[in-house]
Amino acid sequence: MSFLDMDDALITLAERVDLVYSPLVDAKTFPQDVDIALVEGAVSSEEDLRKIRVVREHSKLLVSLGDCAVTANVPSMRNPFGVSAVCDRAYRENVNLDPGIPDQVVPKLLDRVRPIHEVVPVDVFVPGCPPSASVIHYVLTELIEGRRPELSTRTRFGA
Amino acid sequence: MSPVSNIKTLKIDGKDFSARQDETILDVARQNKIFIPTLCDLRGLSTVGACRLCLVEIKGTNKLLPACVTRVEEAMEVTTTSERLDRYRKSILELLFTERNHICSVCVSNGHCELQSLAQRLQITHVHFPYRYPKAQVDGSHPRFVIDQNRCILCTRCVRVCEEIEGAHTWDVMGRGIDANVITDLNQPWGSSETCTGCGKCVHVCPTGALFEKGRSVAEMLKRRGFLPYLTLMREERD
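Chains as they are written, first to last, in our numbering: chain A, 1 to 159; chain B, 1 to 239.
Just chain A, same shape as in the assembly:
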């Protein structure tokens, strides 16, 4: 949403990039040789882990976008309790109809939710919850120009 908040800046940005993969693009597999990959969210499930490894392998620059990606943030709040306690709470204790932990369709949760850089190397970190549209725009324009964004004065954890 914060990305879309760039509003009209998206139009000029669109002229400078080819959007090859996103939840908004009709591509099922992550393409080869991507220049810049923006990844949001923490690594929570086996599916997340599989996907982030593919993204890393096929991307020149991996950007950890937002506090969930950078620190694991709110998703990590399940970590102190352990995955079985959390699943019991979600799928048994609070469920009336057919309680039980799913073993298909829903990806298996990892023992701990982790920030992306604990799993694969990350090139650029953009903290913020969420990073503002202007920060995201700044990051993208800098990266497109081949520069590394200087972010500590522009955003922070929880911003």
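It is possible that some hints are incorrect.
Said to hold, decoys possible - No farther apart than 25 Å at their CA atoms in a straight line, the calculated lysine to aspartate or glutamate pairs in the DMTMM-like style are these:
#1 B:Lys135 / B:Glu83
#2 B:Lys90 / A:Asp123
#3 B:Lys135 / A:Asp123
#4 B:Lys59 / B:Glu99
#5 B:Lys90 / A:Glu46
#6 B:Lys135 / A:Glu150
#7 B:Lys90 / A:Glu150
#8 B:Lys59 / B:Asp13
#9 A:Lys108 / A:Glu150
#10 B:Lys135 / A:Glu57
#11 B:Lys33 / B:Glu99
#12 B:Lys135 / A:Glu46
To be clear, the hints were calculated from the coordinates, so they are not data collected in a lab.
Chain B: place on chain A using the hints.
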């Protein structure tokens, strides 16, 4: 008879300064607007050198010394910023983030937190160490205040203000190393404490969202510290 001089002259970052002999390096730096990061230090309370963020280099010793408890000496040469100091300070701050569960985005002190703003000032955009995610307690048994151990950095400001300014000594530290915690009375629920006067000084000196007033939501807890220099000054005048 010439009186023994109690003025010392020293160099900080190559510049000459003079200071009273009972002053610390941090005192002199602050008077002269030289930034040295601190978290446990708070003017008006005793100094404990707990957070180690104010470490500085001093010529002639390879050891880094905490500026808050190191007194000035004649001809001392102090360096407050260097690549080495920056590395240590960042590591200390990052370790503080990993030690408990500091979820800034949902914290009562988001935007008003000393840990958070210092991390930004030291240009920390991510933490290099693995997070520990300990199971930490939240005690809301007091009618007006809450202690959330998830956000505590063990600076002991609450312990010191309670003993030194309020005179109640409700707070103390229990356990050692990674198991250390601040506790009320004999590690009992805060609401059942017999010594707590409910003054709230601990809440307002706390640098993070570990101590807060009930009813505050995300980013709503502003700390007011004006009472501390005022009380200290009034007591000094009375002595």
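Exercise for the section: Against the structure, test the hints numbered earlier, and report the numbers of the ones violated in rising order. Expected result: When the structure is compared with the hints, numbers 1, 3, 4, 5, 6, 9, 10 and 11 turn out to be violated.
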